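2 protein chains.
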Amino acid sequence: MNEFDLISKYFSWPLSDTSVVLGVGDDGAICDVESGYQLVTSIDTLIAGVHFPKSTSAADIAHKALAVNLSDMAAMGALPKHFTLALTLPEVDQSWLEDFSQSLQQLSTQSGVSLIGGDTTKGPLSIAISIVGWVESGKALRRSGAQIGDGVYVSNTIGDAAFSLWQLNNNDAPDSGCLVKLNRPMPQVELGRSLQGIASACIDISDGLKQDLCHILKASKVSARIEVEKIPLAKVLTDHVNKKNDWSLVLNGGDDYELCFTVPVKNQTMLSGISKRCGVKITQVGVICESGDLEIVGAKNIGRSYQHF
Amino acid sequence: MNEFDLISKYFSWPLSDTSVVLGVGDDGAICDVESGYQLVTSIDTLIAGVHFPKSTSAADIAHKALAVNLSDMAAMGALPKHFTLALTLPEVDQSWLEDFSQSLQQLSTQSGVSLIGGDTTKGPLSIAISIVGWVESGKALRRSGAQIGDGVYVSNTIGDAAFSLWQLNNNDAPDSGCLVKLNRPMPQVELGRSLQGIASACIDISDGLKQDLCHILKASKVSARIEVEKIPLAKVLTDHVNKKNDWSLVLNGGDDYELCFTVPVKNQTMLSGISKRCGVKITQVGVICESGDLEIVGAKNIGRSYQHF
Chain W
1 MNEFDLISKY FSWPLSDTSV VLGVGDDGAI CDVESGYQLV TSIDTLIAGV
51 HFPKSTSAAD IAHKALAVNL SDMAAMGALP KHFTLALTLP EVDQSWLEDF
101 SQSLQQLSTQ SGVSLIGGDT TKGPLSIAIS IVGWVESGKA LRRSGAQIGD
151 GVYVSNTIGD AAFSLWQLNN NDAPDSGCLV KLNRPMPQVE LGRSLQGIAS
201 ACIDISDGLK QDLCHILKAS KVSARIEVEK IPLAKVLTDH VNKKNDWSLV
251 LNGGDDYELC FTVPVKNQTM LSGISKRCGV KITQVGVICE SGDLEIVGAK
301 NIGRSYQHF
Chain R
1 MNEFDLISKY FSWPLSDTSV VLGVGDDGAI CDVESGYQLV TSIDTLIAGV
51 HFPKSTSAAD IAHKALAVNL SDMAAMGALP KHFTLALTLP EVDQSWLEDF
101 SQSLQQLSTQ SGVSLIGGDT TKGPLSIAIS IVGWVESGKA LRRSGAQIGD
151 GVYVSNTIGD AAFSLWQLNN NDAPDSGCLV KLNRPMPQVE LGRSLQGIAS
201 ACIDISDGLK QDLCHILKAS KVSARIEVEK IPLAKVLTDH VNKKNDWSLV
251 LNGGDDYELC FTVPVKNQTM LSGISKRCGV KITQVGVICE SGDLEIVGAK
301 NIGRSYQHF
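Chains as they are written, first to last, in the working numbering: chain W, 1 to 309; chain R, 1 to 309.
Honestly, I wouldn't trust all of these hints.
Chain copies aren't distinguished; within one or between two, either way the pair holds.
Below are the DMTMM-like pairs computed for lysine to aspartate or glutamate, each with C-alpha atoms no more than 25 Å apart in a straight line [as the list claims (entries may be wrong)]:
(1) 221 <-> 3
(2) 218 <-> 3
(3) 139 <-> 32
(4) 230 <-> 190
(5) 230 <-> 34
(6) 235 <-> 175
(7) 276 <-> 98
(8) 221 <-> 293
(9) 244 <-> 290
(10) 243 <-> 93
FYI, nobody ran anything at the bench for these hints, they're computed from the structure. Computed from a prediction, not measured in an experiment: that's the story for all the values here.
Taking the hints into account, I'd like the entire structure generated from these sequences.
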């Protein structure tokens, strides 16, 4: 099977998106852009043994590779539209490709985002996805808008994915709820869209709450005080924290792909409606304050954030 | 040095492009699109040991990674605008990064294309670049428009990059002109733009003239007859072909990043003006004919095209 047959068999499903003028199969894809929108662009790579254990299933890898890019769109308040896939494979394994393709198509259909092109190459397993979304002109959520007095919020629960990875690394029977968060994270696209005009800054939690919140603080030139007891946790993680007296998975665990965002006081009454409409729990974990170090109240053992190198 | 310092030091140079509303440093980049344009999108990955010898310099790798993506824009007749970079590095080597960054900035400035985002991860060396260009609505060059009777053309000379790689693999002293084509290919963006409304189909030669022309033929549902004696060759390659009586480097050698395109008879008189204006040699190598196998006249030893797997 050559590259072109492979693309045609596994990556050329029909698209319903009328903005795609020419999809997979030429030197580039052609897309229309509606007026009144700006483009939001992002790229993320997953590498075997770095971003997922080598034993991860093809379906989980495909889901996650797209989900982390959708999560960037969520963090910008953008509507995901199109993506391209650069797939590097050690060999052509048709059963692996079948599972990968099905899972990718499933999440892309569910999210209304179209695969419009890509390339496949031979090499150590890695998946780079580049995504383009649309955002109403001037309405994107950025990291830089947090103001003193704004509340700091997170969606759903924090640390589930890191706890699951910790269980896998310690040969514990993985908690099924947390394992789903590790392998099949659901990007908060609808929440991101709903936070337009409500949140003053937003980021998705990929490297850990502490580090990602610090990106907001640095970009916004402010600081924050958060209280660990307010951070929403799954029951198994509460038990883990209590037993070990260790908050590092909660504060530094990456891969949750929940949103961390700041909201001015005047907009905070709207959050319960957004929470209900999106079916997402929203919890205030702290408040933005004047510049200085991030203050973390209530945690003894914090540990170190994820470092890429 | 963490990921964020690395990005800030090596990949955050000032941009003059006013369509970039928000560049490197948030979850996504934000760009305006002018009305009257469609987007053209492409992604290409280079992997150490597959797409370039492991001894290739950082500057050559950076140039080539961007050039192959610019070449996709050229083949579509699009104006390259923005790109994102997914850089996977085995380690942080500041001297390597310095060279990589300088070379990338140089070609991007020269080509008027802005680096707007990306990610860096630890792993086996690979570089994925995703590029977005603009094309006047409805004016993109596609592979599918070739018609019976159209001439088949190529830009400049063919096979130089493959000959250079062959020399390197055979421990021959590399011909300097061919080595430049291998390591620093110059994408034919201006030529691609000029062929809008002139060419009926276009592709860039990345996998070899034979295979890439066949993509045009398949997409256009036609065939072609080409004459090897008409294919423009560098002097050293003419000598090689005569000595070895072997056309495989010319027909199957990839990595030239010249354009192969088809032009209806009525437009052919305009090619000499385009050639002069773009400073690019344009040569007719054959003609489009009815469906059937591609006919290659005059070559005995043709060999096999590059296969990705």
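Hints and how they fare:
1. 221 <-> 3: Only across copies: residue 221 and residue 3 sit 20 Å apart there, 48 Å inside one copy, limit 25 Å.
2. 218 <-> 3: This pair counts as between: shortest inter-copy Cα distance 15 Å, intra-copy 44 Å.
3. 139 <-> 32: Both ways: residue 139 and residue 32 sit 20 Å apart in one copy and 12 Å across, limit 25 Å.
4. 230 <-> 190: Classified as within; 24 Å inside a copy, 58 Å across copies.
5. 230 <-> 34: neither (42 Å within a copy, 46 Å between copies)
6. 235 <-> 175: within (10 Å within a copy, 67 Å between copies)
7. 276 <-> 98: neither (37 Å within a copy, 49 Å between copies)
8. 221 <-> 293: Cα proximity of residue 221 and residue 293: one copy only (11 Å, versus 65 Å across).
9. 244 <-> 290: neither (32 Å within a copy, 75 Å between copies)
10. 243 <-> 93: neither (44 Å within a copy, 41 Å between copies)
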